[in-house]
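One line per chain: the protein sequences are G and U, in this order.
Under this note's numbering, the letters of the first sequence match residues 1 to 373, in that order.
Under this note's numbering, the letters of the second sequence match residues 1 to 336, in that order.
One thing to keep in mind: the hints can contain errors.
Ranges between beta-carbon positions, derived for each pair [unchecked claim]:
#	chain 1	residue 1	chain 2	residue 2	range
1	U	283	G	111	53 to 61 Å
2	G	333	U	276	35 to 43 Å
3	U	58	G	333	23 to 31 Å
4	G	150	U	233	24 to 32 Å
5	U	53	G	48	54 to 62 Å
6	U	124	G	170	18 to 26 Å
7	G	333	U	150	41 to 49 Å
8	G	28	U	27	52 to 60 Å
9	U	247	G	143	22 to 30 Å
10	G	356	U	60	52 to 60 Å
Note that these hints are calculated values from the structure, not bench results.
All C-beta atoms, glycine included, are put in the ideal place defined by N, C-alpha and C.
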Amino acid sequence: MSTPTPPLPRWADLILLPIINLFAAFFICGLIVLAIGENPIEALGVMIKGAFVYSGGLGYTLFYTTNYIFTGLAVALAFHCMMFNIGGEGQALIGGLGAALASFGLGVYLPAPLAIPLAVLGAFIAGGIWGVIPGYLQAKRGSHIVITTIMFNFLAASLMVYLLAGPMLEAGQQSPQTARLAESTLLPKMADMLRPLGINITSSPLNASFLIALGAMAVFYVLVWHTRLGFNIRSVGQNQEAAHYAGINVARTIIITMAISGGFAGLLATNEILGFNHKVVLNFTAGYGFTGIAVALMGRNHPIGIFLAALLFGALTQGGGELDFEFQSITREMVLLIQGMIILFSGALAYMFNPPLARMIAKFVAPKDPANG
Amino acid sequence: MKKVLTTVLAGAFTAVSSFAVAESHGDFKPAVIYDMGGKFDKSFNEGVYAGIKKFQDETGVEVMEFEVTNEAQRQQAMEKMVQRGATVVLGVGFAQADAISAVAAANPDVNFSIIDVSWLDHPNLRQYAFKEEEGSYLVGVAAAMASETGTVGFVGGMDIPLIRAFACGYEQGVKATKDDAKVLQNMTGTTPAAWNDPTKGSELTQAQIDRGADVVFQAAGGTGVGVIQAAADAGKLAIGVDSNQNYMAPGNVLTSMLKRVDVAAYETMKDAMSGDFETGVRLLGVAEGGVGWALDEYNADLITPEMKSAIDQAAAKITAGEIKVHDYRSDNTCKM
Numbered sequence: 001m002s003t004p005t006p007p008l009p010r011w012a013d014l015i016l017l018p019i020i021n022l023f024a025a026f027f028i029c030g031l032i033v034l035a036i037g038e039n040p041i042e043a044l045g046v047m048i049k050g051a052f053v054y055s056g057g058l059g060y061t062l063f064y065t066t067n068y069i070f071t072g073l074a075v076a077l078a079f080h081c082m083m084f085n086i087g088g089e090g091q092a093l094i095g096g097l098g099a100a101l102a103s104f105g106l107g108v109y110l111p112a113p114l115a116i117p118l119a120v121l122g123a124f125i126a127g128g129i130w131g132v133i134p135g136y137l138q139a140k141r142g143s144h145i146v147i148t149t150i151m152f153n154f155l156a157a158s159l160m161v162y163l164l165a166g167p168m169l170e171a172g173q174q175s176p177q178t179a180r181l182a183e184s185t186l187l188p189k190m191a192d193m194l195r196p197l198g199i200n201i202t203s204s205p206l207n208a209s210f211l212i213a214l215g216a217m218a219v220f221y222v223l224v225w226h227t228r229l230g231f232n233i234r235s236v237g238q239n240q241e242a243a244h245y246a247g248i249n250v251a252r253t254i255i256i257t258m259a260i261s262g263g264f265a266g267l268l269a270t271n272e273i274l275g276f277n278h279k280v281v282l283n284f285t286a287g288y289g290f291t292g293i294a295v296a297l298m299g300r301n302h303p304i305g306i307f308l309a310a311l312l313f314g315a316l317t318q319g320g321g322e323l324d325f326e327f328q329s330i331t332r333e334m335v336l337l338i339q340g341m342i343i344l345f346s347g348a349l350a351y352m353f354n355p356p357l358a359r360m361i362a363k364f365v366a367p368k369d370p371a372n373g
Numbered sequence: 001m002k003k004v005l006t007t008v009l010a011g012a013f014t015a016v017s018s019f020a021v022a023e024s025h026g027d028f029k030p031a032v033i034y035d036m037g038g039k040f041d042k043s044f045n046e047g048v049y050a051g052i053k054k055f056q057d058e059t060g061v062e063v064m065e066f067e068v069t070n071e072a073q074r075q076q077a078m079e080k081m082v083q084r085g086a087t088v089v090l091g092v093g094f095a096q097a098d099a100i101s102a103v104a105a106a107n108p109d110v111n112f113s114i115i116d117v118s119w120l121d122h123p124n125l126r127q128y129a130f131k132e133e134e135g136s137y138l139v140g141v142a143a144a145m146a147s148e149t150g151t152v153g154f155v156g157g158m159d160i161p162l163i164r165a166f167a168c169g170y171e172q173g174v175k176a177t178k179d180d181a182k183v184l185q186n187m188t189g190t191t192p193a194a195w196n197d198p199t200k201g202s203e204l205t206q207a208q209i210d211r212g213a214d215v216v217f218q219a220a221g222g223t224g225v226g227v228i229q230a231a232a233d234a235g236k237l238a239i240g241v242d243s244n245q246n247y248m249a250p251g252n253v254l255t256s257m258l259k260r261v262d263v264a265a266y267e268t269m270k271d272a273m274s275g276d277f278e279t280g281v282r283l284l285g286v287a288e289g290g291v292g293w294a295l296d297e298y299n300a301d302l303i304t305p306e307m308k309s310a311i312d313q314a315a316a317k318i319t320a321g322e323i324k325v326h327d328y329r330s331d332n333t334c335k336m
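Work out the full structure, taking the sequences as your base and the hints as a guide.
The following block contains the structure:
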C-alpha cells in the first residue's frame with residue numbers, strides 16, 4: 001500500500017519547488033553543454049554575467065522582462081476565468097497597430113503628456129478588440145477559445161503583412177515597416193529618464209514601458225482579488241454552473257475577461273513599438289505571446305510570480321544571446337534548447353518533485369508526531 | 001565518453017588555433033550578423049556564409065558571427081561586435097537596415113556593409129542591392145522553354161515586396177518567351193515561419209503540379225527544400241534560388257536563380273582587410289554578375305542548347321538595356 005503524499009507546505013510550494021525545478025533544468029543543460037565540449041560552469045557564468053552584470057545587460061534583460069510581464073499577465077487573467085488565451089501573439093500585433101494608428105492619427109497634434117497615454121490606450125484597446133472577438137465567440141457561440149485565439153494569431157499576422165507591405169509601407173525602402181511614429185508618442189528610454197536624477201546607466205532598449213508593466217501588475221492584483229469583477233472572474237473560473245447559479249452573468253464575465261486579457265497583451269506594443277522600434281515592424285512579437293503561457297504557468301497566475309518568471313525568461317533571452325556570442329559551438333538552437341528545458345521542468349514537469357519533496361519535508365519538519373504516532 | 005572527450009579536445013584545439021590566427025592579424029577584426037533564417041538555411045544566409053567561409057579559408061582571419069532571434073538583438077549584436085573591436089560589420093538582409101543605420105551613425109570609425117539595402121546614407125556604410133527581378137526573368141525564360149504543359153509555378157516564402165519582385169520578374173520572363181503560358185503563384189505564409197516550412201512548401205508545389213504546372217520556381221528560403229523535394233518526387237522540375245541548389249535533386253532541378261550574396265560578403269571582407277573600403281550603394285544586376293542562373297554538371301542534361309542560347313540572349317539584352325525588367329518594388333505593381 002502506498003502512503004498518501006502529505007501536502008507540501010506553502011513556502012516550499014512557492015519557493016523551494018521552483019528552485020529545485022530550475023536546478024534540475026540547469027543540471028540537464030549542463031550535461032548537454034558538456035557533451036558538445038564546453039565547460040558548463042563557464043557557460044552559466046557567461047549567461048549570468050551577460051544578463052545582469054555586463055554593461056547594459058541588465059537593461060536588455062528588463063526590456064525582455066517587460067514583454068514577458070505583459071503576455072504573462074494576459075494569459076494569467078484568462079486562466080483565472082479558465083480561459084486558455086493562446087492569442088497573445090496576435091493581440092500584441094494588433095496592439096502595435098492600435099498604437100500606430102493612435103500615434104499617426106492623434107499624436108501628431110498633441111504634446112507628449114497627452115499623446116503618450118493615448119497611444120498606450122490605443123495599444124490596449126486594439127489588443128482588447130482582438131481578444132474580445134474570440135471571447136464573444138466562446139461565450140455566446142461556444143466556439144472553443146483555444147481554436148479561435150490560435151486562428152486569430154494568423155489573422156493578425158496576415159492583416160499586418162497586408163498593411164505593412166501595402167497601405168502602411170514606408171515609402172523609399174523595401175522592408176515591410178511603417179514610417180517613424182510621431183515623436184510625441186514615443187516612450188522615453190530609461191537611461192534618458194534617470195540621467196536628470198543623477199543616475200547614469202548604460203543606454204539600452206529599456207524604456208518607460210517597464211513602469212507601465214509594473215503598473216499593469218498592480219492593476220492585475222487589485223482587479224483579480226479586490227474587485228467585484230475579479231470575484232466574478234474567479235468564480236466563473238472555478239465553476240461556471242455555480243457562478244451562474246450565484247447570479248453571475250457568465251457570458252459577460254468571459255467577454256470582459258478576454259477584452260482585458262487581450263488588452264494586456266496589446267500593451268506589449270508599448271515596449272516594442274512605442275519604446276524601442278519607434279515604428280511598426282513585422283513580427284515584433286517574436287514569440288513573446290507564446291512564452292507568456294509558460295510565464296503565467298510558472299508564475300502561478302500571480303503578479304509577483306509572473307514578475308519573477310518574466311525576469312527569468314528575460315535573463316534567459318539576454319544571457320542566451322550572450323552565450324551565442326561567447327561560444328562558437330553554442331548556437332542559437334542550443335540556447336533555445338536550454339530555454340525549452342527550463343519550460344519543461346518548471347512547466348510541464350512542475351510537480352515531478354512534489355511528492356518526494358513533500359514526504360521529505362514532512363519527515364524533517366515533524367519527525368515524530370505524537371498525535372499520529 | 002571517449003567521443004565526448006574527443007569533442008572536447010577538438011573544441012579546445014579549434015579555440016586555440018583560431019585564437020592564434022586572430023592574434024596574427026592585429027587590428028583587423030571582421031564580424032557578420034546573420035538574420036533570422038540562420039546561417040544554414042541552404043539559401044540566402046548560407047550564401048553569405050559561403051562567402052565568409054571562402055574569405056576565412058583564404059586569409060585565415062577569424063570572422064566573428066552571430067545569428068539573431070528577435071528584433072532587439074540586431075542592434076545589440078552590432079553594438080556588441082563594435083565593442084569587441086570589430087573593424088568591419090556585415091549585416092545580412094533588409095530587416096537589419098534600421099539597426100545598422102543607428103550603429104553606423106554612432107560609430108563613424110567602423111566600416112559597415114549591408115546586403116539587400118539601398119536607401120540608407122552613411123559615409124561609413126556600403127550597401128548591396130540586387131536586381132532579383134533580372135535573375136528571375138532569366139529562370140522564367142528557362143521555365144517557359146522547359147515546360148511541356150504551358151503552365152509553370154512559383155512558390156514564395158513570406159509575402160513581402162522582395163518576394164513579389166522575384167515572382168514578377170519570373171512571370172515577365174515566362175510571358176516574354178511564351179505569351180500564352182500560365183503562371184501559378186502561391187506564397188507560403190505571412191509570418192517568418194514561412195521561410196522555414198518545407199512541409200507547406202511541398203503541399204503548395206503538389207497543388208500546383210495537380211493544376212498542371214511542370215516547372216516550379218521557389219524563392220522561399222528553407223521552405224524551398226520542400227518545393228524541390230515535391231517536384232522531384234512527382235518527376236517534375238524545380239528551380240532553386242539564391243545559392244546554387246542544382247545538387248539538391250540532380251535531374252529535377254532545372255537551374256537555380258543565383259543571387260551572389262557570397263560575392264558581396266567576400267568582397268566586403270576582402271576590401272575592408274586591404275583598407276580599400278569604398279562606401280555607397282552597389283546595385284548588382286545581370287550586367288554586374290550579381291544575379292544570374294546556374295549551369296553545372298547536375299543540370300547539364302536538362303538545359304538544351306536552344307534553352308541556353310535563349311537565356312544567354314535574354315541576359316545579353318538585359319545587359320545592353322534592350323530588355324528592361326520591371327521591378328515590382330518601384331511602384332508596388334507587376335506590369336507586364
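Against the structure, the hints come out as follows:
{"no.": "1", "hint": "U/283 / G/111: 53 to 61 Å", "result": "violated, 43 Å"}
{"no.": "2", "hint": "G/333 / U/276: 35 to 43 Å", "result": "holds, 37 Å"}
{"no.": "3", "hint": "U/58 / G/333: 23 to 31 Å", "result": "holds, 28 Å"}
{"no.": "4", "hint": "G/150 / U/233: 24 to 32 Å", "result": "holds, 30 Å"}
{"no.": "5", "hint": "U/53 / G/48: 54 to 62 Å", "result": "violated, 33 Å"}
{"no.": "6", "hint": "U/124 / G/170: 18 to 26 Å", "result": "holds, 23 Å"}
{"no.": "7", "hint": "G/333 / U/150: 41 to 49 Å", "result": "holds, 43 Å"}
{"no.": "8", "hint": "G/28 / U/27: 52 to 60 Å", "result": "violated, 42 Å"}
{"no.": "9", "hint": "U/247 / G/143: 22 to 30 Å", "result": "violated, 48 Å"}
{"no.": "10", "hint": "G/356 / U/60: 52 to 60 Å", "result": "holds, 55 Å"}
Hint check: violations occur at hints 1, 5, 8 and 9; the rest are consistent with the structure.
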